[in-house]
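In full-length UniProt numbering, the protein residues as written are 1 to 325.
These are computed hints drawn from the structure, not numbers from a lab. One should not assume that every hint holds.
[Said to hold, decoys possible] Straight line, CA to CA, 30 Å or less: simulated DSSO-like cross-link-like pairs of lysine-lysine: (1) Lys-24 x Lys-47; (2) Lys-181 x Lys-47; (3) Lys-181 x Lys-303; (4) Lys-101 x Lys-24; (5) Lys-215 x Lys-303; (6) Lys-215 x Lys-181.
[What the hints assert, rightly or not] Restraint-style ranges between C-beta atoms, simulated for each label pair: (7) Thr-280 x Trp-179: 33 to 39 Å; (8) Val-323 x Asp-52: 56 to 62 Å; (9) Asp-317 x Glu-20: 43 to 49 Å.
Here the structure is a predicted model, which is why all the values come from computation and not from measurement. Note that the Cβ used here is the ideal one computed from N, Cα and C, for glycine as well.
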Amino acid sequence: MTETLTIGKALNLGLRRAMEDDAKVVLMGEDIGRLGGVFRITDGLQKDFGEDRVVDTPLAEAGILGTAVGLAMRGYRPVCEIQFDGFVFPAYNQIVTQVAKIHARSRGRLPMPIVIRIPFGGGIGAVEHHSESPEAYFAHTPGLKVVAVSNPVDAYWGIQQAIAHPDPVVFLEPKRRYWEKAEVDTDATPGPLFASRVVRGGDDVTVLAYGPMVKTALQAAEAAAEEGRSIEVVDLRTLSPLDLDPVFDSVRRTGRCVVVHEAPLTLGLGAEIAARVTETCFHSLEAPVLRVGGYDTPYPPSKLEEEYLPDLDRVLDAVDRAVSF
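Whole structure, please, built from the sequences with the hints as guidance.
Okay, structure coming up:
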């Protein structure tokens, strides 16, 4: 059945279906029960599945993740909601020292099928600590999978696949895109979770993006097309592991590559991707791999975030620089 869904509603339906399919799936988070979460992603789930499976937790992110570790050891599949990206840092110790390592430390005896849902990125006019892009911290940590969805289809199927996965998954949701709509076939056979995807074909420049920046990259490609320039856009979808084979194929054809993300440039995902594209596609490149990202400053007050966040013009400027070599 095909439905028109927002990303937020797709996540809600995906969580519902995962809970229907497996009684061991438990949701945990601040205000996710009666309220349905700040963004209403879990709306109605506590009413239908009960307080034992949709748990309103105290305001204690370290406690949420610590409890999830214990539940996973006993065979449950906890799904933890971090209310905002900037609130994940009190739980960072649990995530990188326990969640990411117990499976390896126990020599495979203790899997950690935990999903950590994090609304990430800016663009909603929020106050301090509500507009972070912490993906590089987690992608750098062995033992964690990191997924960043950009559309309702990937939101619906991706959350189910992440919950079914045996390893811990940091599941990044682009909060300013929660209300973006698309057609979702809820009876389709989904593609693999840990795979990138070409979402617009092109011949002149490859633009790589993930999460909230995919829409920005597509808008840039549309604007460039009006000037006769053909941009190929690749949605990375997963940040750990990186699926770069489609990227390499694209860059070998276009000879140019631009990486776009909201996080600061220094030691961000763009740096790793640029290094690997350069190593693998060196003889095909007609220009250096360029990066467009947030500035190396703390996220600014909301009145200044439009100056901070990469936009269509900054992406097109990088495309122009790549072509000019």
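For each hint, the structure was consulted:
no. : hint                          : verdict
1   : Lys-24 x Lys-47               : holds, 17 Å
2   : Lys-181 x Lys-47              : holds, 26 Å
3   : Lys-181 x Lys-303             : holds, 26 Å
4   : Lys-101 x Lys-24              : holds, 22 Å
5   : Lys-215 x Lys-303             : holds, 22 Å
6   : Lys-215 x Lys-181             : holds, 12 Å
7   : Thr-280 x Trp-179: 33 to 39 Å : holds, 37 Å
8   : Val-323 x Asp-52: 56 to 62 Å  : holds, 58 Å
9   : Asp-317 x Glu-20: 43 to 49 Å  : holds, 48 Å
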